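Trainee: Sequences and hints are given; from them, build the entire structure.
In order, the protein sequences belong to chains A and B.
When the letters of the first sequence are read in order and numbered with the UniProt record's numbering, they come out as residues 1 to 363.
When the letters of the second sequence are read in order and numbered with the UniProt record's numbering, they come out as residues 1 to 363.
Quick caveat, the hints were computed from the structure, so don't treat them as lab data.
If you're wondering where the values come from, they're calculated on a predicted model, not measured in any experiment.
Ideal placement from N, C-alpha and C gives every residue a C-beta, glycine not left out.
Careful: at least some of the hints might be erroneous.
If the Cβ cut is set under 7 angstroms, some of the chain A residues that face chain B in the computed set are [unchecked claim]:
| # | residue |
| --- | --- |
| 1 | A9 |
| 2 | A76 |
| 3 | G277 |
| 4 | A280 |
| 5 | Q296 |
| 6 | P338 |
| 7 | A339 |
Number of protein chains: 2
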Amino acid sequence: MSSLTERMARLIVHGERPYNAEPPLTRLRARYRTPAEDFYVRSHGDLPEIDAAAWRLSVDGAHVGPLDLSLADLRARFPEATVTATMQCAGNRRADMRAVAPVSGDPWDGGAIGTADWTGVRLGDVLRAAGVAPGANLHSDLHVAFESQDVVEGRPYGVSIPLAKAVAGETLLAFAMNGASLLPEHGFPVRAVVPGFAGVRSPKWLKRITVQDHPSTNPMQADDYKLFPPDVTAETANPAKGHTIETMPLNAAICEPARGARLKAGETTIRGYAIAGDRAIVRVDVSGDGGRSWHQATLEHEAGAPFAWTFWEIVLDLPSGERDLVVRAWDSAGQTQPARPDETWNFKGYLSASWHRVWVEVA
Amino acid sequence: MSSLTERMARLIVHGERPYNAEPPLTRLRARYRTPAEDFYVRSHGDLPEIDAAAWRLSVDGAHVGPLDLSLADLRARFPEATVTATMQCAGNRRADMRAVAPVSGDPWDGGAIGTADWTGVRLGDVLRAAGVAPGANLHSDLHVAFESQDVVEGRPYGVSIPLAKAVAGETLLAFAMNGASLLPEHGFPVRAVVPGFAGVRSPKWLKRITVQDHPSTNPMQADDYKLFPPDVTAETANPAKGHTIETMPLNAAICEPARGARLKAGETTIRGYAIAGDRAIVRVDVSGDGGRSWHQATLEHEAGAPFAWTFWEIVLDLPSGERDLVVRAWDSAGQTQPARPDETWNFKGYLSASWHRVWVEVA
Numbered sequence: 001m002s003s004l005t006e007r008m009a010r011l012i013v014h015g016e017r018p019y020n021a022e023p024p025l026t027r028l029r030a031r032y033r034t035p036a037e038d039f040y041v042r043s044h045g046d047l048p049e050i051d052a053a054a055w056r057l058s059v060d061g062a063h064v065g066p067l068d069l070s071l072a073d074l075r076a077r078f079p080e081a082t083v084t085a086t087m088q089c090a091g092n093r094r095a096d097m098r099a100v101a102p103v104s105g106d107p108w109d110g111g112a113i114g115t116a117d118w119t120g121v122r123l124g125d126v127l128r129a130a131g132v133a134p135g136a137n138l139h140s141d142l143h144v145a146f147e148s149q150d151v152v153e154g155r156p157y158g159v160s161i162p163l164a165k166a167v168a169g170e171t172l173l174a175f176a177m178n179g180a181s182l183l184p185e186h187g188f189p190v191r192a193v194v195p196g197f198a199g200v201r202s203p204k205w206l207k208r209i210t211v212q213d214h215p216s217t218n219p220m221q222a223d224d225y226k227l228f229p230p231d232v233t234a235e236t237a238n239p240a241k242g243h244t245i246e247t248m249p250l251n252a253a254i255c256e257p258a259r260g261a262r263l264k265a266g267e268t269t270i271r272g273y274a275i276a277g278d279r280a281i282v283r284v285d286v287s288g289d290g291g292r293s294w295h296q297a298t299l300e301h302e303a304g305a306p307f308a309w310t311f312w313e314i315v316l317d318l319p320s321g322e323r324d325l326v327v328r329a330w331d332s333a334g335q336t337q338p339a340r341p342d343e344t345w346n347f348k349g350y351l352s353a354s355w356h357r358v359w360v361e362v363a
Numbered sequence: 001m002s003s004l005t006e007r008m009a010r011l012i013v014h015g016e017r018p019y020n021a022e023p024p025l026t027r028l029r030a031r032y033r034t035p036a037e038d039f040y041v042r043s044h045g046d047l048p049e050i051d052a053a054a055w056r057l058s059v060d061g062a063h064v065g066p067l068d069l070s071l072a073d074l075r076a077r078f079p080e081a082t083v084t085a086t087m088q089c090a091g092n093r094r095a096d097m098r099a100v101a102p103v104s105g106d107p108w109d110g111g112a113i114g115t116a117d118w119t120g121v122r123l124g125d126v127l128r129a130a131g132v133a134p135g136a137n138l139h140s141d142l143h144v145a146f147e148s149q150d151v152v153e154g155r156p157y158g159v160s161i162p163l164a165k166a167v168a169g170e171t172l173l174a175f176a177m178n179g180a181s182l183l184p185e186h187g188f189p190v191r192a193v194v195p196g197f198a199g200v201r202s203p204k205w206l207k208r209i210t211v212q213d214h215p216s217t218n219p220m221q222a223d224d225y226k227l228f229p230p231d232v233t234a235e236t237a238n239p240a241k242g243h244t245i246e247t248m249p250l251n252a253a254i255c256e257p258a259r260g261a262r263l264k265a266g267e268t269t270i271r272g273y274a275i276a277g278d279r280a281i282v283r284v285d286v287s288g289d290g291g292r293s294w295h296q297a298t299l300e301h302e303a304g305a306p307f308a309w310t311f312w313e314i315v316l317d318l319p320s321g322e323r324d325l326v327v328r329a330w331d332s333a334g335q336t337q338p339a340r341p342d343e344t345w346n347f348k349g350y351l352s353a354s355w356h357r358v359w360v361e362v363a
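Mentor: Shown next, in the form of structure tokens:
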């Protein structure tokens, strides 16, 4: 295994402590399943060093007979499951929103996203073993809280998801990514994987799961990762009134050519990704003239849809001059993206999902 | 019961044969559950006259032991179920798209939508009684085709939905609307109600249900109600390449004040609806200045969500002059609507769902 230092050198590093980094878009688009060492990293505290042999997961809370599981218990007691799912940061593409007005947080380009085969056990199986009734997903007032071994401002990292999502077949406690044990920066030995939801709800370095009648009161859940209207500022924000970011909105990005590339006139291959939260991508439109005319890209779906991204590709005949390449996607509800970043701007810079633009120079 | 002629006089009639009509928006906004006589009507052929005592429903197809059910059988054999759901035409708000370029079809304003308590039996219960296995919703390659007693261009009306949606708890064979038998123009004696999907997939005057391994080959399914890109025309459209409209996109409309209203300066109440297909509405923004500044409306949810609309209301202080009122909604995936109708324009005028604008004169 490569060292963390070696892996950091492969990525665009936004911060070292906490460690936040993303791959360049051209490399991101090279493989449908993102190699672990190219997968974006979003941390909120220092990376914990965990001895897998000593690691324990406790399960407790309402309607639950407590469990205390080792990694061997987890593997032995529950059937293994693999889900192909895309993980993305709520701040992916924040850099595009910064062009409108300042926003807080790291200036992620479109690389705070990646797709993997996640292998582990179904969280629903674990909860059922703890006594949560099979029909409990109808209790929409129950929540599953996660607590982790990383520390954020003096407290363990903690978030929660609705019970219905916790018992859905796609939600895992994962110990492997693309067939290998998790890397330390991706949550070794066990992390949650909540497909379709923002990455913040898929905690790494898990240590405790609690079934409860309210969302987590941890600041990560109660205060952060909320979507606010455009007129709200850091000073006026009331977290209780913000929208808790869970399922991610429709989004798409051009990965090739890179922004600012110098190209030869003529047929040019344009490639990227599109993703629609819990829906499927049904169409991707690409423009070579800033959005005046549109052409339909070829879509590459794989088995994981709708929780995994769709790769797309198109060949456009580009005349010489400055060209504004644009992409917009359509989901299975016939919905498409807003055109301009000011339409979704918010002071936290979350859910940046307007048409993605890449300016190129064609000679 | 009023006569059909009396009920037609209450509505804005786009056509008499087939009969297509919608209520004015101010009346639509008056009641959360739309009275049957104010509910939009979309027909594709003449209204069939059906003797309920002689009516039969046949269920057949793959994996099915055939059933032949009278209305009394349907009521006696299956538990009654009521779902609060919004029905809307795929052409709702088409008039806004016509402002960009001509489109085919009736120029619906924002009234081709309505919400009711639908009472009937669960389609899933009927299919299970016919032998469709409980886990059959995993067979994503199966479809449930409907055939009706109305005739469109010489053929019975026919469409289909995926089996997974057919066995979902919200999908009904309904015989009542807001507690009373269906009116003839709403499908008496029995219609399908497929919440979240475009109205075309909820056929009225049902006569046959077939489980099959392919979508309906009826032109209503195979050719019509497809979403095409903006460059496709009636001459170049290939129905096999269009997106089959099922779940409807995020949408919102201002119902009060009416377009062109003359108002007094000062505090003005603005009301409307918002709807998000199979998702929930989490925020509604209203602008009194054409979209430069936004304010958050108060939301009125009811039990049926996410398959029922959200009513919203806000008081804005409008200064004198011409004012451009605008609404945009946000769904539970943090997604919002496109700003301009040209961003979603298609020659059929389907899924018109950009920001809704109402110009008023404030004195």
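Trainee: Hint by hint, note whether the structure agrees.
Mentor: How the hints compare with the structure:
no.	hint	result
1	A9	violated, 34 angstroms
2	A76	violated, 27 angstroms
3	G277	holds, 5 angstroms
4	A280	violated, 10 angstroms
5	Q296	holds, 6 angstroms
6	P338	holds, 6 angstroms
7	A339	holds, 6 angstroms
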